[in-house]
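Participant: Keeping the supplied structure of chain A fixed, place chain B with the ligands upon it in accordance with the hints.
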Amino acid sequence: MAVTGAILVLFLVGHMAGNLKSFFGAETFNAYAEFLRTMGEPILPRRVLLTVVEVVLVAAVVLHMWSAISLARRAGKARPVKYAAKRKSQAGGYATHIMRWGGVTIVLFVVWHLLDLTFGVVNPAGWDGTPYERLAQGFDPSRWWVTLFYVVAVVMVGLHLRHGLWSAFQTLGLASSRSYRPLKAAAAVVSAVLVLGFLAVPVAVMIGVIK
Amino acid sequence: MGMNLTLKVWRQKGPEDKGRMVTYRVEDVSPDMSFLEMLDVLNERLILEGDDPVAFDHDCREGICGMCGMVINGVAHGEQVATTTCQLHMRHFEDNAVITIEPWRAAPFPVVKDLVVDRSAFDRIIQAGGFVSVPAGSAPDAHSVPVKKVDADAAFDAATCIGCGACVAACPNGSASLFTAAKITHLSLLPQGQPERDSRAVAMVEQMDAEGFGGCTNTGECTAVCPKGIPLDTIARMNRDYLRAAK
Ligand code: HEM
Ligand code: SF4
Ligand code: FES
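Protein chains in written order, with full-length UniProt numbering: chain A, 1 to 211; chain B, 1 to 247.
Next up, chain A with everything else stripped away, as it sits in the complex (with noise of 0.2 angstroms):
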């Protein structure tokens, strides 16, 4: 979970810093979306180093799903007969208990996400739009349940975070009495930044700053 959770985290700093660019321009962004594919060149031919990345990335979602679904079942085995009143969460941390649905409505979303803008399969400028031009008309005004789906889903990840940074630094026996602090703030501190980051350019692009 931690392991896995982690590499994810690193890809959404990258993937957020990414999509920033786009506010400086078509050309930039597009610049930016051809490096990609010509990162390590001339050692490495075309689009290697991110197939690698991409193929991380694939592994460590399935692995991080496998650990939650082998999870979710032990605790199921563990309680075979539930309480009849109803648990109160005495921790508070709304996060905490939403860990297993967030991570479904993140799945879900990724994969609406890749047709929409990678493949362009659900895109109105499509697999042949430029990179910028995808972006630009995937969240036009007159989609706005894109972009609904988006702001949830991105507030969820954000949602995830918040109980999932700190929580992998107490998995791996890396937190203390004295660090729980400092870790919870940061772990807030990164989740609503990495939200704001990822919302700034959908609603850039509805209000017209991106066009």
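No wet-lab data here; the hints were simulated from the structure.
The beta-carbon is built from N, C-alpha and C at its ideal position, and this holds for glycine as well.
Some clues are possibly wrong.
Unchecked claim - What follows is a list of derived Cβ distance ranges for each label pair:
1. A:6 <-> B:198: 21 to 29 angstroms
2. A:63 <-> B:2: 57 to 65 angstroms
3. A:39 <-> B:247: 31 to 39 angstroms
4. A:100 <-> B:17: 30 to 38 angstroms
Facilitator: Then chain B with the ligands, alone, in the frame of chain A:
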């Protein structure tokens, strides 16, 4: 003058019985009674009426033996923090309250009768490694084996775990991590615990898993209900010892 209460209590004749919630009225309860004394009042009446009294575990009734576990209104040992059921007083409830009382719910803690569960799974976790094999002898002279004050305090705090099982009952995953981590922390912070530190962590964690407890997802529900306030960093320490040993 006393309080009148409606109790919804889990009744189960034995391990094989399916069990059900049964509603009772208890009248004229003094706010100064403990929760267990309130159940005693109910049981005296049930016995007089020729009914089977509600079985519940208890021993010390002073918060140190860990026997009196029950889930009260959905919270292990009730909502009063850092308090065992025997130390919970009726003044914390409203007059005419409806109170739900259930046993710990976990597959490794099978119900014996009514509210009594079998916590032998904890004993087997201790047997797997919760001991030191060096001859520790009688208490050594102070300072003959230096122990840092912070370590001594943390080890002592961890050692206050009374093995009640509230952590398991409260955990959404049915995990026994807080209990196991308390026992591991208590020994791994002290010099006597060092020789077996690695093998202990591995053996106890493996036994915990073999008993059928769930996995920890760091929800923190355990610490919140623990009558002894065992902190969550014991679990980080257990994970650290386990990962170190697995290397
Ligand atoms: C594929 C869909 C996903 C599912 C089903 C899922 C589910 C879960 C679950 C059930 C947990 C366990 C709760 C815990 O251990 O604290 C968890 C933890 C975590 N997740 Fe996810 N998640 C998904 C996607 C992601 C993504 C995209 C990221 C990164 C941005 C991520 C980062 C983390 C981190 C860092 C943890 C904490 C690991 C730990 O506590 O050991 N997850 N996830
Ligand atoms: S850690 Fe706390 S809740 Fe768990 S068994 Fe020990 S005293 Fe009870
Ligand atoms: S009866 Fe001993 S702790 Fe409650």
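Participant: None of the hints should be skipped; say for each whether it holds.
Facilitator: Each hint tested on the structure:
A hinted range of 21 to 29 angstroms for the beta carbons of residue 6 of chain A and residue 198 of chain B is consistent with their spacing of about 25 angstroms. Distance hint for residue 63 of chain A and residue 2 of chain B: a CB-CB separation of about 59 angstroms, consistent with the stated range 57 to 65 angstroms. The hinted range of 31 to 39 angstroms is satisfied by residue 39 of chain A and residue 247 of chain B, whose Cβ atoms lie roughly 33 angstroms apart. Distance hint for residue 100 of chain A and residue 17 of chain B: a CB-CB separation of about 33 angstroms, consistent with the stated range 30 to 38 angstroms.
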